[in-house]
Structures are given as C-alpha cells and as structure tokens.
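Residue numbers (the working numbering), protein chains in the order written: chain A, 615 to 692; chain B, 625 to 840.
Simulated from the structure, these hints should not be mistaken for lab results.
Honestly, I wouldn't trust all of these hints.
[Stated by the list, open to error] Straight-line alpha carbon distances no greater than 20 Å define the calculated SDA-like cross-link-like pairs of lysine to any residue that follow: (1) A/K667 <-> A/F632; (2) A/K692 <-> B/Q683; (3) A/K690 <-> B/Y654; (4) B/K720 <-> B/A676; (5) B/K701 <-> B/S639; (6) A/K663 <-> B/R762; (7) B/K766 <-> A/D634; (8) A/K663 <-> A/M641; (9) B/K743 <-> A/F649; (10) A/K690 <-> B/Q647; (11) A/K690 <-> B/C646; (12) B/K688 <-> B/R655; (13) B/K717 <-> B/R762; (14) B/K720 <-> B/T774; (15) A/K692 <-> B/R644; (16) A/K688 <-> B/R697; (17) A/K692 <-> B/L641; (18) A/K663 <-> B/K743; (19) B/K688 <-> B/D649; (20) B/K701 <-> B/S789; (21) A/K690 <-> B/L641; (22) A/K692 <-> B/L693; (23) A/K688 <-> B/A700; (24) B/K688 <-> B/A700; (25) A/K688 <-> B/D739; (26) A/K690 <-> B/L687; (27) A/K663 <-> B/L693; (28) B/K688 <-> A/S682; (29) B/K688 <-> B/L716; (30) B/K805 <-> A/D634; (31) B/K759 <-> B/A818; (32) B/K688 <-> B/C646; (33) A/K683 <-> B/Y654; (34) A/K688 <-> B/R655; (35) B/K701 <-> B/A818.
Since we're looking at a predicted model, the values are computed, not measured.
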Amino acid sequence: MKVIEISCLEVWREISNFLDGEADPEMRARMEAHFKVCAHCTAILDGTKNVVKLVGDGVEYQMPEGFSKRLYDKLKAK
Amino acid sequence: MSTRTAKANFDTTESELIQRVCQGDKEAFYRLVQPCERGVFAAAMSILNNPADAEEVAQEAVLKAFSALPRFRGEAKFSTWLIQITINEARLKLRKDRKYLYQSVDEQQTDEQGDYFPKDYADWREIPSETLHRKELREALKRALNSLPTKYREVLILRDVQHLSIQETAQVLGITEGSVKTRLLRARLQMRDALAPGIDGSWSSGKQEYEKVRPW
Chain A
615 MKVIEISCLE
625 VWREISNFLD
635 GEADPEMRAR
645 MEAHFKVCAH
655 CTAILDGTKN
665 VVKLVGDGVE
675 YQMPEGFSKR
685 LYDKLKAK
Chain B
625 MSTRTAKANF
635 DTTESELIQR
645 VCQGDKEAFY
655 RLVQPCERGV
665 FAAAMSILNN
675 PADAEEVAQE
685 AVLKAFSALP
695 RFRGEAKFST
705 WLIQITINEA
715 RLKLRKDRKY
725 LYQSVDEQQT
735 DEQGDYFPKD
745 YADWREIPSE
755 TLHRKELREA
765 LKRALNSLPT
775 KYREVLILRD
785 VQHLSIQETA
795 QVLGITEGSV
805 KTRLLRARLQ
815 MRDALAPGID
825 GSWSSGKQEY
835 EKVRPW
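Construct the entire structure; sequences and hints are all you get.
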C-alpha cells in the first residue's frame with residue numbers, strides 16, 4: 615500500500631499524539647515515512663521526546679523537605 | 625500475579641481503607657493519601673508555581689478530601705479524585721489571592737486557534753544521561769516551565785510528570801479530551817522551543833554549534 619505524503623505542518627499537529635501512541639495507524643505510517651526524509655521534523659520529534667523525558671523525572675516538582683510530616687500533623691490535628 | 629489480580633487487590637485495599645476511614649479511622653486515611661502526596665503537590669505547583677502556596681493548598685485539599693470522603697462514590701480512582709480537589713483548591717486560591725491578580729483564570733476555558741509553528745529546527749538529539757542533571761539544563765528547564773501559560777503547564781505536569789491518562793487529565797481539569805491533546809501539543813512544542821537550542825548547544829549532541837534553519 616502506498617503511503618500518502620503529508621506536510622511538515624500536518625506532522626507538527628500530530629507529533630504529540632504520535633509520541634503518546636494516539637495517532638491512528640494510517641497517520642502513524644505517514645508520519646514515519648515523513649521522518650525518514652525530513653531532517654527538520656525529525657529534529658522536532660527528537661526535541662519533543664527530550665522534553666517528555668526531562669520533564670518526566672519530576673525533579674522540578676519534588677515535595678519540599680518535611681512536607682509529609684507537616685501534612686500528617688495537619689491531619690492528626692483535625 | 626497477573627496485572628488484573630494485582631489491580632483487583634489494590635482496589636480492594638483502597639475500598640477497604642475508605643470504609644475504615646468512614647468508620648472513623650484517621651490513620652487509614654493517611655495510608656490512602658500517602659501514595660498520592662507527590663502528585664497532589666505537583667498538581668498544586670502546576671497552577672500556583674510557588675512551593676509554599678502549593679503546600680498550603682495540598683494540605684487544604686487533603687483535609688477537604690477527608691471531610692468529603694463519605695461522598696466519594698469510587699467512580700474515579702481515589703488519587704484522581706484527590707487531584708481534582710487539589711486543582712479546584714489551587715484555582716480558588718488563584719482567584720482569592722491578590723498575588724495572582726494578573727494571572728487570569730479565564731484563560732483556562734479557551735484554546736488558541738490555529739497552528740503552532742516551531743521557532744527553529746535546532747537539532748536536539750537524545751540527551752546523554754550524564755548531562756540530565758547538569759545544573760544549567762535543570763535551570764533552563766525550570767525557566768521554560770515557568771514561562772508556560774498555566775493551562776499548558778497543568779496539562780504537561782498531569783500527563784508527563786504524573787502520567788495520568790488523557791481521560792483522567794480531562795476529568796480533573798474539567799476540559800475535553802481534545803483540549804487535553806491540543807494543550808499538551810502546545811506545551812511540549814513550546815518547551816522544545818525554549819530548550820532545544822540549549823545554552824550553547826553543548827548539552828545536545830556534543831556539537832558546539834546547533835543548526836538553526838528558519839523555514840520562512
């Protein structure tokens with residue numbers, strides 16, 4: 615089956631769904647074909663993957679020290 | 625143990641604990657809350673962006689959940705329900721606190737129309753794991769997160785930090801699944817724009833220079 619070509623713009627619209635496995639199979643195949651020939655969109659895909667990886671470790675949202683203890687104390691006092 | 629059995633056991637434990645709380649066992653409530661603490665704090669932070677306020681809101685949300693537990697029907701997971709309460713409390717604080725006067729809550733309701741165009745095509749390959757914790761990278765990440773509009777940051781945190789499903793994210797934020805996807809796309813692309821060129825490009829692939837080609 616011939617995969618229909620898509621534009622960079624269409625790829626950008628779907629790039630997040632692509633990463634989450636939310637793009638439908640046809641769109642996925644079209645995007646994969648596009649990435650093979652488009653270095654720019656591949657760079658954007660790689661960068662977006664990196665964002666997900668970096669944000670994902672949650673370091674920026676770690677609880678302050680003593681958070682659990684203070685929460686527990688509040689609950690006990692109620 | 626299969627995943628299904630493990631889930632069934634977990635659900636039993638959760639509902640048993642809820643039952644015990646409703647019979648007056650406060651310790652059981654803490655056991656319910658403990659695994660969600662981090663998520664509750666992150667949810668409050670995604671909206672308030674201030675650790676002291678986020679902690680205060682997290683505490684209020686947990687106390688509110690304690691009082692409201694007899695009305696919890698188990699339609700969602702306890703953790704999702706608790707995060708939903710936290711989001712509501714954080715939004716309430718946004719409205720009440722003068723400090724957040726210029727941060728419009730109305731922005732939650734609308735999505736920008738039209739497409740988002742990446743600012744450049746900086747080539748940002750896989751981050752080597754040894755650079756993940758570099759101070760300047762983490763600081764750049766923090767700045768990029770702070771610069772995101774709240775409605776994008778909250779979706780990004782719920783999806784990519786707390787790994788809520790699209791459906792759960794839509795539920796706790798009170799928006800459609802389509803909006804979750806649109807906002808997540810914007811959030812990720814804006815973050816990439818802010819971070820991809822790096823400080824000097826050197827944290828990407830070891831190259832001293834990064835490619836910057838504008839398409840127009």
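Structure-based check of each hint:
1. A/K667 <-> A/F632: holds, 15 Å
2. A/K692 <-> B/Q683: The given pair, whose Cα atoms are some 11 Å apart, holds under the 20 Å limit.
3. A/K690 <-> B/Y654: holds, 9 Å
4. B/K720 <-> B/A676: Roughly 16 Å between the alpha carbons, so the hint for B/K720 and B/A676 holds.
5. B/K701 <-> B/S639: holds, 10 Å
6. A/K663 <-> B/R762: Since the Cα atoms of A/K663 and B/R762 sit roughly 16 Å apart, the hinted pair holds (cutoff 20 Å).
7. B/K766 <-> A/D634: violated, 23 Å
8. A/K663 <-> A/M641: Within the cut-off at roughly 18 Å; holds.
9. B/K743 <-> A/F649: At roughly 19 Å apart (the allowed maximum being 20 Å), A/F649 and B/K743 satisfy the hint.
10. A/K690 <-> B/Q647: holds, 16 Å
11. A/K690 <-> B/C646: Holds: A/K690 and B/C646 sit about 16 Å apart, inside 20 Å.
12. B/K688 <-> B/R655: holds, 16 Å
13. B/K717 <-> B/R762: violated, 28 Å
14. B/K720 <-> B/T774: Given pair B/K720, B/T774 holds - Cα atoms ~16 Å apart, limit 20 Å.
15. A/K692 <-> B/R644: Holds, at about 17 Å.
16. A/K688 <-> B/R697: With Cα atoms ~25 Å apart, A/K688 and B/R697 exceed 20 Å; violated.
17. A/K692 <-> B/L641: Distance of about 19 Å is within 20 Å: holds.
18. A/K663 <-> B/K743: Distance ~17 Å between A/K663 and B/K743 Cα, so the pair holds.
19. B/K688 <-> B/D649: This hinted pair holds, its Cα atoms lying about 16 Å apart.
20. B/K701 <-> B/S789: At roughly 12 Å apart (the allowed maximum being 20 Å), B/S789 and B/K701 satisfy the hint.
21. A/K690 <-> B/L641: holds, 17 Å
22. A/K692 <-> B/L693: holds, 14 Å
23. A/K688 <-> B/A700: Since the Cα atoms of A/K688 and B/A700 sit roughly 25 Å apart, the hinted pair is violated (cutoff 20 Å).
24. B/K688 <-> B/A700: The hint holds at about 17 Å.
25. A/K688 <-> B/D739: violated, 46 Å
26. A/K690 <-> B/L687: Between A/K690 and B/L687 the Cα gap is close to 10 Å, so the pair holds against 20 Å.
27. A/K663 <-> B/L693: violated, 39 Å
28. B/K688 <-> A/S682: holds, 17 Å
29. B/K688 <-> B/L716: Judged against 20 Å, a Cα distance of about 13 Å means the pair holds.
30. B/K805 <-> A/D634: Judged against 20 Å, a Cα distance of about 10 Å means the pair holds.
31. B/K759 <-> B/A818: holds, 16 Å
32. B/K688 <-> B/C646: It holds: about 14 Å lies between the C-alpha atoms, which stays within 20 Å.
33. A/K683 <-> B/Y654: holds, 11 Å
34. A/K688 <-> B/R655: holds, 14 Å
35. B/K701 <-> B/A818: violated, 35 Å
Going down the numbered hints, you'll see the structure goes against 7, 13, 16, 23, 25, 27 and 35, while the others check out.
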